[in-house]
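Asker: Residue numbers (the working numbering), protein chains in the order written: chain H, 1304 to 1760; chain U, 305 to 755.
For the record, the hints were derived by calculation from the structure and aren't laboratory data.
Just so you know, not all the hints are guaranteed correct.
[Said to hold, decoys possible] Restraint ranges, calculated between C-beta atoms of paired labels, are given here:
1. U:Ser440 to H:Ile1312: 29 to 35 Å
2. U:Ala741 to H:Asp1597: 56 to 62 Å
3. U:Gly383 to H:His1581: 52 to 58 Å
4. H:His1581 to U:Pro310: 53 to 59 Å
5. H:Phe1756 to U:Ala410: 46 to 52 Å
6. U:Gln420 to H:Gln1655: 37 to 43 Å
7. H:Phe1473 to U:Gln385: 54 to 60 Å
8. U:Gly403 to H:Asp1428: 45 to 51 Å
9. U:Gln663 to H:Ala1385: 41 to 47 Å
10. H:Asp1638 to U:Gln420: 41 to 47 Å
11. U:Ala490 to H:Glu1750: 55 to 61 Å
12. U:Ser440 to H:Lys1313: 25 to 31 Å
13. U:Gly383 to H:Gln1760: 21 to 27 Å
All values derive from a computational prediction rather than experimental measurement.
C-beta atoms are modelled at their ideal positions from N, C-alpha and C, and glycine is treated no differently.
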Amino acid sequence: MLNGTTAEIKPREALRINPAKTCQPIGAMYAALGIHGCMPHSHGSQGCCAYHRSHLTRHFKEPVIATTSSFTEGASVFGGLANLNQALSNIFTIYNPEIVAVHTTCLSEVIGDDIPMMIKKSIEDGTIPKGKVVIHANTPSFVGSHVTGFANMTTAMVRYLAEKNGHRLFQLNLIPGFVDPADIRELKRIVAEMGVKAVVFPDTSGVLDLPQDGRYRMFPHGGTTIEELKSTGDSSCTIALGHFTSHPAATELDEKCGVGCAFLELPIGLTETDRFIHALRNYGGVDVPATIGDERGRLLDAMSDMHQYFHKKRVAIAGDPDHVIALTQFLSDLDMKPAYVITGSPGKHFEQRVTEILKDQVPDAVVKQNSDLFALHQWIKNAPVDLIIGNTYCKYIAREEKIPFVRFGFPVLDRMGHRYFPCVGYMGALRLMEKMNDALLDHKDRECADEYFELIQ
Amino acid sequence: MIELLPERQPQVVRKADGAPAADMACGKASTAGSVSQRACVFCGSRVVLYPIADALHIVHGPIGCAAYTWDIRGALSSGSQLHRNSFSTDLQEMDVIFGGEKKLEATLLELIAHHQPKAAFIYSTCIVGLIGDDVSAVCKRVSAKTGIPVLGVHSEGFKGTKKDGYRAACEAVYTLVGTGDTAGIAPHSINILGEFNLAGETWILRDYYKRLGIEVVACITGDSRIDDIRRAHGAKLNLVQCSGSMTSLAKMMERDYGIPFKRVSYFGIEDMSAALYEAAKYFSDDPTIMHRAQQLVREEVAAIYPELQRYKQKLVGKKAAIYVGGAFKAFSLMRALRLIGMETAIVGSQTGDKEDYKQLQEMADPGTIIVDDSNPLELAKFCLEKDVDLFIGGVKERPIAHKLGIGFCDHNHERKEPLAGYIGMLNFAKEVYASVASPVWQFAPRRARSK
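The shape of chain H in the complex, shown without the other chains:
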């Protein structure tokens, strides 16, 4: 499929080939699903909503609900007020969610719909029943990426719901970022193991990783409740994981309610998990229990046992900026050489941070924000790598160039592990190591000459 890709690199101004990102609204929809009893609402054409739901369903293999304003030509001329009002009326009448989280689309943004005004009108005319909540985020598809959309909706949760009552609560806020339900489940386990009380938001565990129980529920048991979100304004502090996905909401919370914040990366790999545990210890005022220490010890033991197989392996990483930054740190801890590190999302912080991590070990690494998989493929053609790590779309490059491949990030459309096993924390790091080690050694076992085929590795 990619046999048209050439090693010769020409400057491209106007063209995106095989993107490493998608648009804001899907991120907003995913974040909204992390609120308990929430109906995400797409204010735009029907297609946006259908595409986002299908795409999320392919990644999670779960039913994904959302409603749409079903824009028509009329709405594009007269604005979407009537559509949103009718939509809210129908949603509360029939589906009866606790809360509706509206996100915009490129269409409604260009038309210039004023969502807060529309929500206000719908409250005034009684369309939104008493006790029910509607929040919104502006998520124009022509700005940023799905990561931006996630951050915007998470920030909207704070903007609309966080309250400061003046009684400091003995709890932390934990903003986990655009990670899978299995990751959130693991973060909550670690927090509980540490003996810290935390409000985790948005929390899609228990929403998009449901057991089969013979029932279909539109609003599953999981998700951060509105009460919990309100209480975030009185928490003692916030731990925000990921510059792109979580820091904006934490900043908003600090500005709005004066809740101080620890800005961390995603706890992927040893170093970043250490920082996370350290923050929990500091801000939670607890000691690290032996069980967590043992988990770290087991990870370190595996890193010691297997380090020779990772040594100086050249790796290409593509994915969402927070994931890639943290993973780059982990690979560098393992003495690997991330040679190409890209994200499709725009943001200078990405290049600064990754370059800083790699400055001693891989000073010549190619690090690019706002890039795409076509560019990555061209670089690989010029100087190959031993391993590719990224979302499912990287499989085309892996196949064309016969390079071992580990799936990581969003979306994973063709494997199941991410739905059940985390990549965060010490245990998540072990899983990532296992996957990388398997990919490298399976490749060697398949490709190497007989005399180099080893029983014991």
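For chain H, the structure is supplied; the task is to place chain U on it using the hints.
Answerer: Chain U only, in chain H's frame:
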């Protein structure tokens, strides 16, 4: 009975014993605020044109529309894989303000120079319609510069339903028809319209027509090539499968080239055979075609029948729910299910029209629920009420069925085995059996409770 949005009630019918078919409301935009399974105009255009493998497909708009339609169609190509890449203009805020025409033109020139495609399709997305880009002018300029057809597809998402997207796609394709040389086309020749080569289905059908002695000039758009489409007007007959998507193209070809068209379906033994006989009857000037058709049907049915019977024994009395894009597919599925002994308890579509729903009601057993433009809550409740064993649908319906402990068969883009033709019928039976009879469901609470 489940609770429905009041506006939704005219879109749901329960077939009553002996009652005449009721008029169903359909073809309307989904009610704002419903969890619709439907898509948009762009989606309609993109799925129809996507399989044209030697053309460039460029999505003109912000990145999402290109990202969500990147290689999800499952339409196979025997040669060029160019169509499986994702090309887009990835419009940014500045483009929205100042217009995206320059970007589009630069993109086109760059890509055409590199890939040397036979044609290029430019899909307009929602905001292109609003920011006022003159896509047609760009297409004209680039076409003049490069010498290949550059075709704008008017697929702004909000300008109608998925069906309008089909029409826009047909209009774009139609500008190619009539531009090629028809010399050498056999007197008994057809085009297949609305067949997309999912899992290689077109290849099976091409083989059948070859055995009949009928030339397939173009399959639009399954494994199709621009040059085939250019000379499609040289065919004597159009067979239209996915009628929702391609009837407008067939009508235009009938109007301008006098090529008649017939609706066919390639799913199930009955419909597949009827499709072959339809063409044979049309070419009755050569009776050997009919003989060959009869022989082909005999051979193919004999080849699959015994195995099909074995599946039937295991599946008899099981109940199915069907929720698909086009209603015509639902007819075939109901017949195919009957052939393996299964009942259709629920049948619905995203885009059926009044006539379609009338016919569905006539075909359905009493008590069957017939539904237009449904949503997960409705579908789940219908499934539990009818206690179905199988759901046939697309990507959004699969996890709902699985949560309920119900088997599933993807009859949409994500099918992995060809389901068309005789071998397709056998594959269908196998797939249905594999899912319905899976030991997994014995652990499902629904079944475990009733044990």
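Asker: The structure should be examined with respect to each hint, and the outcome stated for every one.
Answerer: Hint by hint, here is what the structure shows:
1. U:Ser440 to H:Ile1312: 29 to 35 Å: holds, 33 Å
2. U:Ala741 to H:Asp1597: 56 to 62 Å: Between Ala741 (chain U) and Asp1597 (chain H), where Cβ atoms are some 46 Å apart, the hint is violated.
3. U:Gly383 to H:His1581: 52 to 58 Å: holds, 57 Å
4. H:His1581 to U:Pro310: 53 to 59 Å: holds, 57 Å
5. H:Phe1756 to U:Ala410: 46 to 52 Å: holds, 51 Å
6. U:Gln420 to H:Gln1655: 37 to 43 Å: Roughly 40 Å apart at Cβ, these two residues keep to the hinted range, so it holds.
7. H:Phe1473 to U:Gln385: 54 to 60 Å: holds, 59 Å
8. U:Gly403 to H:Asp1428: 45 to 51 Å: At roughly 38 Å between Cβ atoms, Asp1428 (chain H) and Gly403 (chain U) fall outside 45 to 51 Å, so the hint is violated.
9. U:Gln663 to H:Ala1385: 41 to 47 Å: Violated, since Gln663 (chain U) and Ala1385 (chain H) (Cβ atoms, about 35 Å apart) do not stay within the stated range.
10. H:Asp1638 to U:Gln420: 41 to 47 Å: holds, 45 Å
11. U:Ala490 to H:Glu1750: 55 to 61 Å: violated, 49 Å
12. U:Ser440 to H:Lys1313: 25 to 31 Å: Holds - the Cβ-Cβ distance for Ser440 (chain U) and Lys1313 (chain H), about 28 Å, lies within 25 to 31 Å.
13. U:Gly383 to H:Gln1760: 21 to 27 Å: violated, 41 Å
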